[in-house]
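> Residue numbers (my numbering), protein chains in the order written: chain H, 1 to 150; chain V, 1 to 326.
Mixed in with the good hints there might be a few duds.
Here are the computed distance ranges between Cβ atoms for each label pair [to be verified]:
| hint | chain 1 | residue 1 | chain 2 | residue 2 | range |
| --- | --- | --- | --- | --- | --- |
| 1 | V | Ala36 | H | Val148 | 35 to 41 Å |
| 2 | H | Thr137 | V | Val281 | 51 to 57 Å |
| 3 | H | Ile19 | V | Leu42 | 47 to 53 Å |
| 4 | H | Pro81 | V | Ser241 | 56 to 62 Å |
Derived contacts from chain V toward chain H, CB cut-off under 7 Å, selection only [as the list claims (entries may be wrong)]:
| hint | residue |
| --- | --- |
| 5 | Ala36 |
| 6 | Val65 |
| 7 | Arg73 |
Think of the hints as simulated: they come from the structure by calculation, not from any bench.
If you're wondering where the values come from, they're calculated on a predicted model, not measured in any experiment.
Glycine residues also receive a C-beta, built at the ideal position from the N, C-alpha and C atoms.
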Amino acid sequence: MSEDVAQTITLGYTLGLGIAAILITGLLIAGGGFVSDQREAAVRSELEVLGQQVASDIEAADRLAVAAGADATVSLGRTLPQRVAGSTYMVELVAEEDPFLRLSSSSPELEIDVAFTNTTAVEASRLDGGPFVVNLTAADELTLESGVPS
Amino acid sequence: MADLREGVRGDICTGLDCHNTRGQLLIVTGFALAIAFVGLALILNSVIYTENIATRAETTTSEPVSLTQSVERGTEDLVDYINDHNTSEEGDYSAVKENLTRAFENLSAITARHHLNSGQVSALKLDGQMEATWVTQTNRERNFTNNDGDATWSPVSTNADGARQFRLFVNDTTTLDGLTGNPFTVTLNDSANDRWTLQVGSTEVEMTDANGNNVTCGGIDTLAEFWVNVSAGTVAGTECSGLALAPELGPVQGVKFENGANIEGSYRLLVNKSEGDVGSVGDYGTDTSGPYTQAALWGTVIDLDFERKNLVYRTRIRIIPGDIDE
């Protein structure tokens, strides 16, 4: 620029900094919000997938329990990830009249329910992520326990 | 300072040669956003991986079920074969049990080897063999009286717990009496004293089930000899739909023959009772000229154990071949 500008150097700096600050702030807020939304969607998607896997294991154990009859041993295991998208989570088997699975994460706080069909009765149980096993108890009920099949 | 424009008065450079542009704020912001998006990419990558894992068929539970079914079929065949080919002496259950034990060991070894090839472990164990008795007459030139010649007698007089594989062969149809006369009659009863009756007449065969319903099957009046196979539901090789034991009839407890002099041929019946407890004194002889009994097996119990990665399955199987006749 020539030396015939109308504003002073200080004013130019101030305006420039202000515009830059507004622009940067807007970018960070939008970017942060976008990442946060996507992380929440990722956690929800992973919980749904893990819930379906656990449900399929329960249904498989149920089929085996029905085929085996009384006084049988059925123990079906799987290893779940310890965290989903960096968040810890819990898996709960809700033993109501129509039982279902409830998966809940800690950060972000999300909760999803996964239904399954069963013939054998189920026992209420909770566990964290990691290796788990669907066991047929001595009372001929299916339950979720941490550990490996035995 | 964070200049945004080229060639600001006071810089050491002038004109279009100035390369002294600085944008620290923008570049720092760019770094921050880049790091955030990289983190997002990692999160999305884990989601893609999880969903990919979900599409794999990992939960298969068909192996233990198919193992159970194959062991059931194999053991049923073993029991039937051993029963049909038993040549042991009267009352000798040790021989038939030993035969089944040895044959089952082979079945167990083959099964275990087959599953080991797939990284699975299976173990089978015989746990109890149920004694039974063949009630039979192989001399086709003889009537169906007992060893003492009584026409009305009970081949199974005590409380049995089932009967199966009942069939009889009429060697000479001229010995048969008509249904309105005194035909040969077999009566089976359960614990509630419900009865199933079979009458073999000269022109037709009639069954009366536990509810009193009659079914008649003919086509035998021109035959010189014929089979009546209750288990298979056939008369002279032709299907006779009412021949099977009625579902309302529980496990057979007693078997009675009447008018045994009005029929000639052979018969065979497997009864769920030990040999010494079947019939009364004088009913059976010790040779094959008349009716006699022979040791057999009713069934067995097997402990099945199946293990593979992430699955343990144990159950107890009760094997009773052809138990629909019970």
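> Hints broken by the structure, by number, lowest first?
Those not satisfied are hints 3 and 7.
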